[in-house]
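A.B. asks: Protein sequence lines correspond, in order, to chains C, W, H and A. Heads up, the first sequence is in the working numbering, so the first residue is 754 and it goes up one at a time. Heads up, the second sequence is in the working numbering, so the first residue is 754 and it goes up one at a time. Heads up, the third sequence is in the working numbering, so the first residue is 754 and it goes up one at a time. Heads up, the fourth sequence is in the working numbering, so the first residue is 754 and it goes up one at a time.
Hints in this document: simulated from the structure, not taken from any laboratory. Warning: the hint list may mix true and false statements.
Each pair may be met inside one copy or between any two copies, as identical chains are not told apart.
[Stated by the list, open to error] Each computed EDC-like pair below joins lysine to aspartate or glutamate, with the alpha-carbon atoms no more than 20 Å apart:
(1) Lys951 with Glu987
(2) Lys1126 with Glu1174
(3) Lys946 with Glu872
(4) Lys946 with Glu987
(5) Lys876 with Glu808
(6) Lys1126 with Glu1177
Chain by chain, the residues:
4 protein chains.
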Amino acid sequence: MEEIGIVAVGGYNEMGRNMTAVVVGDEIVILDMGIRLDRVQIHEDAEIDRMHSLELIEMGAIPDDTIMRDINGTVRAIVCTHGHLDHIGAIPKLAHRYNAPIISTPYTTALIRQQIEEEKKFKVNNPLVALKAGDSYEITDSITVEFISIPHSIIDSVIAVLHTPYGSVVYACDFKLDRAPTIGASPNFNALKKLGRKGVLAMITETTNSARSGKTPSETIAKEMLRDVLLGTEESHVGMIVTTFASHIARLNAIIEIAEEMGRVPVFMGRSMEKYLMAAHELGFINLPKNVEIYGQRKDVDKALKKIMTEGKEKYLPVVTGHQGEPGSILVRIANGETPFQVESGDRMIFSANIIPSPMTRANRYALETKLKMRGARIYDDVHVSGHAYREDHWELLRMVQPNHVIPAHGDLAMHSAYIEMAEDAGYVLGETVHLLRNGEVLFIEP
Amino acid sequence: MEEIGIVAVGGYNEMGRNMTAVVVGDEIVILDMGIRLDRVQIHEDAEIDRMHSLELIEMGAIPDDTIMRDINGTVRAIVCTHGHLDHIGAIPKLAHRYNAPIISTPYTTALIRQQIEEEKKFKVNNPLVALKAGDSYEITDSITVEFISIPHSIIDSVIAVLHTPYGSVVYACDFKLDRAPTIGASPNFNALKKLGRKGVLAMITETTNSARSGKTPSETIAKEMLRDVLLGTEESHVGMIVTTFASHIARLNAIIEIAEEMGRVPVFMGRSMEKYLMAAHELGFINLPKNVEIYGQRKDVDKALKKIMTEGKEKYLPVVTGHQGEPGSILVRIANGETPFQVESGDRMIFSANIIPSPMTRANRYALETKLKMRGARIYDDVHVSGHAYREDHWELLRMVQPNHVIPAHGDLAMHSAYIEMAEDAGYVLGETVHLLRNGEVLFIEP
Amino acid sequence: MEEIGIVAVGGYNEMGRNMTAVVVGDEIVILDMGIRLDRVQIHEDAEIDRMHSLELIEMGAIPDDTIMRDINGTVRAIVCTHGHLDHIGAIPKLAHRYNAPIISTPYTTALIRQQIEEEKKFKVNNPLVALKAGDSYEITDSITVEFISIPHSIIDSVIAVLHTPYGSVVYACDFKLDRAPTIGASPNFNALKKLGRKGVLAMITETTNSARSGKTPSETIAKEMLRDVLLGTEESHVGMIVTTFASHIARLNAIIEIAEEMGRVPVFMGRSMEKYLMAAHELGFINLPKNVEIYGQRKDVDKALKKIMTEGKEKYLPVVTGHQGEPGSILVRIANGETPFQVESGDRMIFSANIIPSPMTRANRYALETKLKMRGARIYDDVHVSGHAYREDHWELLRMVQPNHVIPAHGDLAMHSAYIEMAEDAGYVLGETVHLLRNGEVLFIEP
Amino acid sequence: MEEIGIVAVGGYNEMGRNMTAVVVGDEIVILDMGIRLDRVQIHEDAEIDRMHSLELIEMGAIPDDTIMRDINGTVRAIVCTHGHLDHIGAIPKLAHRYNAPIISTPYTTALIRQQIEEEKKFKVNNPLVALKAGDSYEITDSITVEFISIPHSIIDSVIAVLHTPYGSVVYACDFKLDRAPTIGASPNFNALKKLGRKGVLAMITETTNSARSGKTPSETIAKEMLRDVLLGTEESHVGMIVTTFASHIARLNAIIEIAEEMGRVPVFMGRSMEKYLMAAHELGFINLPKNVEIYGQRKDVDKALKKIMTEGKEKYLPVVTGHQGEPGSILVRIANGETPFQVESGDRMIFSANIIPSPMTRANRYALETKLKMRGARIYDDVHVSGHAYREDHWELLRMVQPNHVIPAHGDLAMHSAYIEMAEDAGYVLGETVHLLRNGEVLFIEP
């Protein structure tokens, strides 16, 4: 049977818990194993690291990979394209079921290793294979995976290409076509165009922002906006706190650079800040100037905040967790008055992040901002650009790769619909060359 | 009677038709005389340049200055802060009623002169006084006006300060605190702080974006976004058309610079493009490279579009009117197929503008974009930053100028409300030190 | 080839221009031939009744039935389910291409006859067959159409069922499950359940409101709201004008009844008011009390409005066209001051209609309401309930009819997506038993 | 000093924590003492009944009545207009500071008594005076309070009028002009018109829905919609659960009536259901048929739910708490699977309530609905009409009462702004006859 199967395991009906399986003859490659955090959030007392897979599947929090039982073939590899939790977060719960290595870029591999170590329920012993962007790896005699550099809101992201006897399958989840990502590699357009020229059987692509018109602004824009907010003020002595995605190393690097221009010491606080930043540092993705301070543990954080209060807020630039109002994060604790840091009238809270569009995070953010404002803080919101391609970036990638078939993934029906309409503009036909899959469905494609 | 009167003539209940009068003893200075275009738009057949003032007042299109009859005193000057129509557009209809000079910066003066010349109903013979930003002018023995540089979305904008025996009145309509406006002067913070130290009796301020959190992004951001859209593509040969505000000289200048990087010839098209650009050029605000082409008349525009079709779209970057879908604008004519320019699949239409939030412009834009898309065009929307201060810019200006009283202007109740809440954070009290005026009301302030 | 083909001709990518063809062996039945008015609206000078089909197809205004050339078989009938223009409006442009009768209920037939008579470009000579709800008609030896009563926002609406040798095809566009439609028949649940028990091969269904939660309120609710607005006031002497859909006979009937309670004479004004009302009257769907006045021609309308001004607004209840702000409609002319009717402060304008969600109608409505308010009118908006099934009505119909296959139609991708998610809850599977078609596509279903 | 002072204590900047003081010479009457629940919600561990007033004031949860220290005069009475918590919820925390009786209608008095009994921090010994709608009470020699019947979403609501030597002050918080409230009295228009004829000095009015066009639908509409949802289905045997405001006695009564038509036993569950319903029953506001069951305690509720599962869902109509997704409410416990009630596919959850527009309740509702849907429930949302006057009801009341001065209360700046614009249409002038107060401000009005 000379055809390739695309199994939509998770992330086709929703944002989060991404997982796709590609079936080539009797061999299978799994792409991503993510978690859907808002499904965890609605269960107040859920302790993920102690929960069983089946419980999490029932909650809709991780991909329902029980459907894999009905797929003929053996899983030969699990490939992860970047280190966000909606791509690697289910590994501790699901990977041990497969006798297969986990292949990802070095930074992603480091994060996966941490995930596995923090897991309390399952032992995950799959070999971890760190494959650099630009390199290829022979999974089996007939399947080779190639990693192509692509910017996203986390470093060391790639588009994965499975080269098979029946043609190539491109997996572009997630990406932006940022020619100036400030840190890390630009899109490898040569490799993508080369793929297009050689012929691609199918492309599976994220659709998060496919309804947004135009082109995702470059990370350079976020950096310039941050610089403008942090440096562009006559009230340069006030307290300023930045909060952003701990995993967004390019953003953290921009903050370090701007802090230097401000003459302030950047102080990173929070467990995840420490985790992501140190991993990036150890792998050489980021240089940390000598004066940078990093505190992961609560007592160290509080000590540092006390020092800032004593020595003067104008000397420091705290960079903290809490941009989504996560309970227990540093910024929430500051807003609750649970740390030595006193928010005073005119202090600035800079959210270098969007609000994740879920009612749960909206509520958390609202509570956080309300408390901060009641203490006199000034809010700078959305000093941020997205890491996901807008409609015209999708247009460009699609025309560059020219796949025979394209499958929207990593989104809900609204996002897929926007993608389909764009693909139709480019000549694709729904049901023939652009395919709408739902979680649990399989699409077979002939070369 | 040692007090100053602030007369809210227009623009206090709405966006557009701004006009404020400041009464000092028996002398009056008028600040701005604008038009409200969406009130004209809802009357399909209205020909403004032939209409009488009273008719336009009844339509709510220009300020109802008949209330000035009840104000004791003589108008000694009309001061305009910048050249947008909501600040100067009613001059042809109202200025002749006052025996007073019109004082504005050189670029604004040039635009006012054009307005007066185009008027068909009234003769306006008021002397035009061009006063440079940074300079002062003695209106009467007791009133001097000072112009302080401030960036906005049109060059040569100022904050006007009336120095009077009873104290200073600051008129900050419109402004952004852009430290890198790409063209023209930065905010003159020294002058503003000096005012604050000396003491200011009252500040009248725009409120357009006072509900938006944070800080207005710099014009530099718009330039970088434009550069990214125009240069950051592998499909560099396709047709590209930019449309933006003809009066936004900084933006036009950015486009010229980027066109050069692209190796394309910038071609400005449309009557207002020619008008604003030539005035800026003549006054030395902008350098036009030799290869720039500018066409105002319809037949010249069509000839140029034909040339572009013949010689190759990839050689030119047309910059045209029509960003709001205005009937008769160049882009609308292109979308209707009424020009020699053929839109082909993949051609890019770059809207370097927001959509003015009125149902009429939304409908025009929708019709325009629908027609362009049906011809295969790709839309890049909102490659733009605002020219109006966001909430934290207002916070900063307010704390810098420290007026005894602050009066929100240039907006509707929702905008004023957002401003009031910000001013309350800064210690102002509604009805005591921050005042909510409605069109037609007068506020008297004692020093 | 024992299968049935469903051809999505129009209305699958959008609201409006509905047309579906069902292929049974070598025989074809066309279901609906509608027009998409917002595509006409964006072309200001379009005169539909003089335009050629191909031009209208290119504008996206009528279904692109040129794809029918590629479908094997002969069209044996055109079946229309109700008299709205998005279901019958393209008949004057397309029906003459088919040598087939047009089958519809008596009221729909009357409206189709009017459409054909008003057409200036084409001669349409297809036989018109008036088939009563509840009756069946043998189209060919193998195909019989059955009409099942169903409420909608126009009287004499039906669900059409094609009984064929390979199974039944149900066409449920448009409907609501209103058990108290105030006029006309309730849903024929017995017939629908009987279909379900016998087995249905496929159901094609509208999806307009499938994203709205719950159940469409009954027309009774609209009647009660109208009564409350018209009778529930202490200021019972003021001028009141109602505007609503001229084709919504149940609503017009409610107004007549309420006018009687108010002691006012109902006066219907506008060409379409006269057209739809008289047709309903002639066919016996509505009783008109003796005092009802109806004026279609402009000069008669103006004369009547003059009489109302003379005799007293409190004696009359004008019911006029213009609920969407249509240029030239009676209410727009009143708002423009182009009729003898003087709007005074406190007069009430009751919109017994929603705003059709297109930027063009939003702009028209905004202009209309603004002008009315400037004259002192008070606006009562959205005194209305929808004629389209909400999500749970769809759930109920789907479970009653139990088709093997269901095909969302009459909507855009967002509407279809909401339907698909509901159908999935009911056990349907995308691509297997619930099918997403795009304009121009064909689905073949085996019994 | 012949003037009246209006002190805006709370509820002028926000929804919730309403409190106004009226100063007449050296005597003061307090109107309402409410709590703002969303300020409590953002502090997860807040236990209100054990918290001190000053702490709650700092949180913005109750009115900051410390400003009363600066008001000359003695508080002679606390008057509450109805029993919602945003009007009576702060009594347990604040009333004991005033040596004054609490005057309210009988039902409101019963609820206040419960509030006081549940309080754990303070002892409140103020005399409770139950005054019937339509009656008057002489507070002091110079001040008499009159209660005028007015419908709202809780029974026994009134407009309070203070008759003083300097004129009357009308307090219309909250109300709707419902002529068919299904239970309880209609608006007493005669009394209101009589007030208008005699002359009213000032009216303080709620503004919640002043931005919504038209007229609030009557409670009759909600009843009809509920009947349609509950009775209008062919799947009449499925499980159905209704959730609504426990304090909305008219709605509860409607449900009882409809349950009878359905042949189901209404079972009210939840502590607040029991509390409000029993109080209404004891005071004779509602007749409870013999078969009605009411369970307040958790173990009784669970027992009843078990019985329903055993005997058949089709026999019962549970009416439960949880319409806003409140943690610990019955519906939330059902959704969590913490009760014996098993939600099955097709069971109906009818929310006879709007979603309170706060991010916290939106998150709670989202979590609740998601969990219910995951168990197969069908959601009927917003089977509800508001209890707050829309714009035209405000127009009508204002023109009926014709106060010299009107003061928007009970809302935020956006709501007040909408009211002001309406009042301007009616001839009022901001700052002269319509006054915008902020929490903590005092307005003095001369007769």
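A.B. asks: Against the structure shown, which of the earlier numbered hints fail to hold, in ascending order?
C.D. replies: As far as the earlier hints go, only 3 is violated by this structure.
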